[in-house]
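The chain contents come next:
There are 2 protein chains.
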Amino acid sequence: MLAEIITIGDEILIGQIVDTNSAFIAKELNKIGVSVFQITSVQDDNAHIVKALGEARERVDVVIVTGGLGPTKDDVTKNAFCDFFQDTLVQNVEVLAHIEHLFANYISTPISDINRQQAWVPSKAEVLHNANGTAPGMWMQSNGVAFISLPGVPFEMKNLIKHQVIPMIAERYERPYILHRTLVTYGLGESAIAERIASWEEDLPPFLKLAYLPNLGKVRLRLTAKGADKKMLDEAIEQASEKLYPLIGDILYGTENEETLEEVVARLFTQKQRTLATAESFTGGKIAQQLTSIPGASAYFKGSVVSYATEAKIELLGVSREVIQKHSVVSAEVAKMMAENARNLLKTHFAVATTGNAGPTKGDSDAEIGTTYIGIATPEGAFAEKFNMGNHRERIVQKAVHKALELLQKEIIKI
Amino acid sequence: MLAEIITIGDEILIGQIVDTNSAFIAKELNKIGVSVFQITSVQDDNAHIVKALGEARERVDVVIVTGGLGPTKDDVTKNAFCDFFQDTLVQNVEVLAHIEHLFANYISTPISDINRQQAWVPSKAEVLHNANGTAPGMWMQSNGVAFISLPGVPFEMKNLIKHQVIPMIAERYERPYILHRTLVTYGLGESAIAERIASWEEDLPPFLKLAYLPNLGKVRLRLTAKGADKKMLDEAIEQASEKLYPLIGDILYGTENEETLEEVVARLFTQKQRTLATAESFTGGKIAQQLTSIPGASAYFKGSVVSYATEAKIELLGVSREVIQKHSVVSAEVAKMMAENARNLLKTHFAVATTGNAGPTKGDSDAEIGTTYIGIATPEGAFAEKFNMGNHRERIVQKAVHKALELLQKEIIKI
Numbered sequence: 001m002l003a004e005i006i007t008i009g010d011e012i013l014i015g016q017i018v019d020t021n022s023a024f025i026a027k028e029l030n031k032i033g034v035s036v037f038q039i040t041s042v043q044d045d046n047a048h049i050v051k052a053l054g055e056a057r058e059r060v061d062v063v064i065v066t067g068g069l070g071p072t073k074d075d076v077t078k079n080a081f082c083d084f085f086q087d088t089l090v091q092n093v094e095v096l097a098h099i100e101h102l103f104a105n106y107i108s109t110p111i112s113d114i115n116r117q118q119a120w121v122p123s124k125a126e127v128l129h130n131a132n133g134t135a136p137g138m139w140m141q142s143n144g145v146a147f148i149s150l151p152g153v154p155f156e157m158k159n160l161i162k163h164q165v166i167p168m169i170a171e172r173y174e175r176p177y178i179l180h181r182t183l184v185t186y187g188l189g190e191s192a193i194a195e196r197i198a199s200w201e202e203d204l205p206p207f208l209k210l211a212y213l214p215n216l217g218k219v220r221l222r223l224t225a226k227g228a229d230k231k232m233l234d235e236a237i238e239q240a241s242e243k244l245y246p247l248i249g250d251i252l253y254g255t256e257n258e259e260t261l262e263e264v265v266a267r268l269f270t271q272k273q274r275t276l277a278t279a280e281s282f283t284g285g286k287i288a289q290q291l292t293s294i295p296g297a298s299a300y301f302k303g304s305v306v307s308y309a310t311e312a313k314i315e316l317l318g319v320s321r322e323v324i325q326k327h328s329v330v331s332a333e334v335a336k337m338m339a340e341n342a343r344n345l346l347k348t349h350f351a352v353a354t355t356g357n358a359g360p361t362k363g364d365s366d367a368e369i370g371t372t373y374i375g376i377a378t379p380e381g382a383f384a385e386k387f388n389m390g391n392h393r394e395r396i397v398q399k400a401v402h403k404a405l406e407l408l409q410k411e412i413i414k415i
Numbered sequence: 001m002l003a004e005i006i007t008i009g010d011e012i013l014i015g016q017i018v019d020t021n022s023a024f025i026a027k028e029l030n031k032i033g034v035s036v037f038q039i040t041s042v043q044d045d046n047a048h049i050v051k052a053l054g055e056a057r058e059r060v061d062v063v064i065v066t067g068g069l070g071p072t073k074d075d076v077t078k079n080a081f082c083d084f085f086q087d088t089l090v091q092n093v094e095v096l097a098h099i100e101h102l103f104a105n106y107i108s109t110p111i112s113d114i115n116r117q118q119a120w121v122p123s124k125a126e127v128l129h130n131a132n133g134t135a136p137g138m139w140m141q142s143n144g145v146a147f148i149s150l151p152g153v154p155f156e157m158k159n160l161i162k163h164q165v166i167p168m169i170a171e172r173y174e175r176p177y178i179l180h181r182t183l184v185t186y187g188l189g190e191s192a193i194a195e196r197i198a199s200w201e202e203d204l205p206p207f208l209k210l211a212y213l214p215n216l217g218k219v220r221l222r223l224t225a226k227g228a229d230k231k232m233l234d235e236a237i238e239q240a241s242e243k244l245y246p247l248i249g250d251i252l253y254g255t256e257n258e259e260t261l262e263e264v265v266a267r268l269f270t271q272k273q274r275t276l277a278t279a280e281s282f283t284g285g286k287i288a289q290q291l292t293s294i295p296g297a298s299a300y301f302k303g304s305v306v307s308y309a310t311e312a313k314i315e316l317l318g319v320s321r322e323v324i325q326k327h328s329v330v331s332a333e334v335a336k337m338m339a340e341n342a343r344n345l346l347k348t349h350f351a352v353a354t355t356g357n358a359g360p361t362k363g364d365s366d367a368e369i370g371t372t373y374i375g376i377a378t379p380e381g382a383f384a385e386k387f388n389m390g391n392h393r394e395r396i397v398q399k400a401v402h403k404a405l406e407l408l409q410k411e412i413i414k415i
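Quick note, the sequences are listed as chains D and A, same order.
Take 1 as the starting number for the first sequence in my numbering and just add one per residue.
Take 1 as the starting number for the second sequence in my numbering and just add one per residue.
Rather than coming from a laboratory, the hints here were simulated on the basis of the structure.
All C-beta atoms, glycine included, are put in the ideal place defined by N, C-alpha and C.
A couple of the hints might just be wrong.
Taking lysine-lysine and the DSS-like style, the derived pairs with C-alpha atoms no more than 30 Å apart in a straight line are [claimed, not checked]:
1) D/73 <-> A/51
2) A/51 <-> D/27
3) D/226 <-> D/27
Across the chosen pairs, the derived CB separations fall in these ranges [as the list claims (entries may be wrong)]:
4) D/91 <-> A/83: 47 to 53 Å
5) A/105 <-> D/295: 42 to 48 Å
6) A/227 <-> D/91: 38 to 44 Å
7) D/321 <-> A/391: 25 to 31 Å
8) A/241 <-> D/321: 51 to 57 Å
9) D/173 <-> A/47: 36 to 42 Å
10) D/170 <-> A/325: 46 to 52 Å
11) A/175 <-> D/243: 21 to 27 Å
12) D/106 <-> A/55: 31 to 37 Å
13) A/173 <-> D/234: 33 to 39 Å
14) A/94 <-> D/198: 50 to 56 Å
15) D/215 <-> A/241: 55 to 61 Å
16) D/380 <-> A/108: 27 to 33 Å
17) A/105 <-> D/216: 16 to 22 Å
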C-alpha cells in the first residue's frame with residue numbers, strides 16, 4: 001500500500017514557503033499503514049501537473065495532491081484534473097450552498113462569480129466537504145489508483161485529511177501495519193554506534209529496518225517494522241530492542257514516542273500539579289513560546305522574564321549587580337540567581353533560566369560564543385549547569401532550549 | 001536554465017522531519033536566475049534514487065541532491081551515484097585529511113574505519129569541500145546535466161550551497177534573470193481582487209506571471225519576470241505595477257522585499273536608536289522570540305515580561321487588580337497598562353503588549369476565542385487596539401504576533 005504526495009504551487013518552487021503539508025500528511029498516512037513512496041512538488045502548470053499525475057499512477061496506489069484550488073487564474077489543479085481524467089467541470093449544488101453560507105456568515109467581502117466557480121468540480125469526482133474553506137476536496141479514480149485533491153491552506157488541508165481522507169482510505173483499503181520504535185542515544189557519534197552494533201544490525205530480519213538520525217548531539221536509532229501481522233511485528237521489534245539494549249546501555253537515553261519534549265514537560269507538570277516560570281536571556285522567550293504553544297499551558301505555566309539586556313536582569317529580575325561584576329553575566333551564579341528569582345517573583349514551584357552567548361559578537365561578557373549556563377530552581381534548592389553549544393547562532397539557541405526542557409524533565413520526574 | 005531538487009531520506013517520507021532544505025536551495029538558485037522545475041523526495045533506497053536521477057536528467061539542466069551521505073548503512077546515495085554513473089568509489093586524500101583533522105580537533109569520539117570511508121567518493125566526481133562536516137559534496141556530469149550531491153544536515157548543506165555550489169553554477173552557466181515584486185494588499189479576498197484587476201491581468205506580457213498568495217488576512221500579489229534582458233524586465237515590472245496601483249490603491253499595504261516583518265522592525269529600531277520591551281500574555285513569548293532570532297537584537301531589545309497567568313500580570317507587571325476586575329483581563333485597558341508598565345519597568349522608548357484568548361477554552365476571561373487586544377506604549381503615550389483573530393489556536397497566536405509587529409512598525413516609522 002503505497003502513496004505519493006504531490007504538492008502544487010510556484011511558491012514552493014521559488015522557496016517562498018516551506019512545504020509543511022507533506023510531513024503532516026505522511027505522518028497521518030503512516031499511522032494507518034500507508035507508506036509514502038515519494039513526495040513531488042510541481043509548478044502551477046497544467047501540463048506539468050498532468051505529467052506528474054501520470055507518473056505517480058505508475059508508482060503508487062493513492063496519490064494525494066495539495067494546492068492549486070484557489071479561485072484565481074494561477075490555480076489550475078481542477079483543469080489539470082479534467083485533462084488527466086478526460087472530464088469536465090459541473091456545478092455541485094451542495095458546495096455552492098456551503099460557499100454561499102461561508103460568505104453570508106464569515107467573509108466580509110461580497111460573494112462574486114469567481115467564488116461561485118469554486119463550486120464547479122470534475123463530474124466524476126466524489127466531493128469531500130471542506131468545513132474550513134471554499135475549495136472542496138475531491139476523490140477520483142484512474143486505473144485502480146485513487147487521486148485525492150485537497151486545498152493547500154494548512155488548516156483546511158489538515159481538517160480534510162483527519163476527518164475525511166484518512167477514514168475513507170482506512171475503510172476502502174486493506175493495509176499492512178507500520179510500527180516504529182525510536183531509541184535515543186547520547187554521547188557517541190553515529191559511526192561509532194554503527195561499528196558497535198554492526199553484527200546486531202546484520203542479523204535484523206528483512207522486514208525490520210534501522211535508521212540513524214543524528215541531531216543536536218543525540219543519535220536516534222529508528223527501528224521500523226512493516227507487515228500484515230501486528231503481533232509478530234510487535235514481538236520482532238521487542239526482541240530486536242532487547243538484544244540492542246546491552247550493546248548501547250551506557251549511551252541509551254530513552255525511547256521516543258510521538259510526544260515532543262515540550263509535550264512531555266507539559267504533561268508531567270500538569271499531572272503533578274506543579275507550576276513553572278522561566279527566566280530567559282539569550283534564548284529570548286523561546287522556551288516560554290514552546291511551552292505555551294501547547295494547549296492547556298495555563299494549568300502550570302505562569303510566565304517568563306525575558307531579560308535580554310544585562311540591565312533587565314538587574315532591574316526586572318533582581319539579579320545582583322555585584323554577582324554579575326564578579327562572575328560575569330554569563331556564569332553559573334547568574335543562571336542560578338535568575339532561576340531562583342523567577343521562581344520567587346512568579347511564585348512557582350519550579351523555574352528554569354538561561355544565560356549564554358549565541359553570537360555573532362561576544363556582547364556583555366567575555367564568554368566564548370556557544371557558552372551556555374542553565375539554572376534550575378526547585379522547591380529543594382537551585383543549581384546551574386554549563387554547556388558548550390557550538391558556534392552556530394540558530395543551533396546554539398535551539399540546543400539551549402532543548403537542554404533546558406531536558407533538565408526540567410529530569411527534575412519534575414523526581415516528584 | 002532549470003533545476004530539480006531531490007531530497008533523500010526516509011525521515012522525510014514518514015513525516016518525521018519537515019524538508020526545509022528545498023526552500024533554502026530554491027531561493028538561492030532563484031537569485032542567480034535558475035528556476036526550480038520540480039522538487040522530489042525519495043527514500044534511502046538505491047533503485048529509487050537511481051530512477052529519480054534518471055527522470056530528473058530528462059527534465060532539467062542541474063540536479064541538486066541532498067541527504068544520504070552519512071557514514072551508516074542506511075545512507076546509500078554514494079552507491080546509487082556509482083550505479084547511475086557506472087563509476088566506483090576511490091579514496092580522496094584531501095577529504096581523508098579533513099576528516100582526520102575534524103576528529104582530532106572537534107569530535108570527542110575516536111575516529112574509526114567507518115568515518116574514514118566517508119573519504120571515498122565516485123572516481124569521476126569533482127569534490128566540494130564541506131567545511132562543517134565529514135561528508136564531502138560532489139559534482140558529477142551526465143549527458144550535459146550536472147548532478148550535485150550534498151549532505152542533508154542543514155548547516156552543512158547551506159554552507160556548501162552558498163560558498164561552493166552557487167558560485168560554481170554562476171560561473172559555468174549562462175542564466176536568465178528572474179525578478180520578483182510582491183505587493184501586499186489588505187482588506188479584500190483574492191477572488192474580489194482578481195475580479196477587479198481582471199483586464200489588467202489579461203494584458204500582462206507573456207514573460208510576466210502573476211500569483212495570488214493569501215495568508216493571515218492579507219493577499220500578496222507576486223509578479224515574476226523572467227528573461228535575458230534585466231533592464232527590460234525591470235521596466236516591464238515597473239510599468240505593470242504603475243498600471244496596477246490605481247486599481248488597488250485603497251487596499252495596497254506596501255511592497256514586500258526579502259525582509260521579514262521582524263527584520264524591518266529590527267532595522268528601524270536599530271537605525272533610529274530606540275529601545276523596545278514586550279509584555280506578552282497569550283502570545284507566550286513569541287514576539288520576543290521572533291525579535292531575538294535576528295542577530296544584533298541586543299542593540300534595541302531589552303526584554304519581555306511574559307505574564308501568562310493573570311497573577312503574573314498583577315504581581316510581575318503591576319497591572320492593577322481593580323482594572324482587571326472592572327474590564328476583564330482581556331481588555332483594551334489591560335493591554336494598554338501592560339504596555340505602559342513594561343515600558344517603565346524595562347526603561348525603554350517603546351513597548352508592545354498582548355492579551356487575548358487563543359482557546360481552546362475561555363480561560364480567565366469571558367472573551368470569545370480569538371479576541372485580541374494589542375497595546376502600544378510610546379514616548380508620546382499609550383493606546384490599545386482590538387482584533388478578532390478567528391478560532392484556530394495556532395493561527396490566532398501567529399496573527400497576533402504579526403499584528404503586534406505591524407503596529408510597532410507603524411509607530412517607529414513615525415520617529
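Tested hints:
1. D/73 <-> A/51: Not OK: residue 73 of chain D and residue 51 of chain A at ~34 Å, beyond 30 Å, violated.
2. A/51 <-> D/27: Answer holds: residue 51 of chain A to residue 27 of chain D is near 25 Å, not above 30 Å.
3. D/226 <-> D/27: Status holds; Cα separation ~15 Å.
4. D/91 <-> A/83: 47 to 53 Å: Holds, since residue 91 of chain D and residue 83 of chain A (Cβ atoms, about 51 Å apart) stay within the stated range.
5. A/105 <-> D/295: 42 to 48 Å: Holds, at about 45 Å.
6. A/227 <-> D/91: 38 to 44 Å: 40 Å, holds
7. D/321 <-> A/391: 25 to 31 Å: 47 Å, violated
8. A/241 <-> D/321: 51 to 57 Å: 55 Å, holds
9. D/173 <-> A/47: 36 to 42 Å: 24 Å, violated
10. D/170 <-> A/325: 46 to 52 Å: 51 Å, holds
11. A/175 <-> D/243: 21 to 27 Å: 54 Å, violated
12. D/106 <-> A/55: 31 to 37 Å: Check failed, 43 Å falls outside 31 to 37 Å.
13. A/173 <-> D/234: 33 to 39 Å: Violated: the Cβ-Cβ distance is about 53 Å, outside 33 to 39 Å.
14. A/94 <-> D/198: 50 to 56 Å: 28 Å, violated
15. D/215 <-> A/241: 55 to 61 Å: 44 Å, violated
16. D/380 <-> A/108: 27 to 33 Å: 32 Å, holds
17. A/105 <-> D/216: 16 to 22 Å: At roughly 21 Å between Cβ atoms, residue 216 of chain D and residue 105 of chain A fall inside 16 to 22 Å, so the hint holds.
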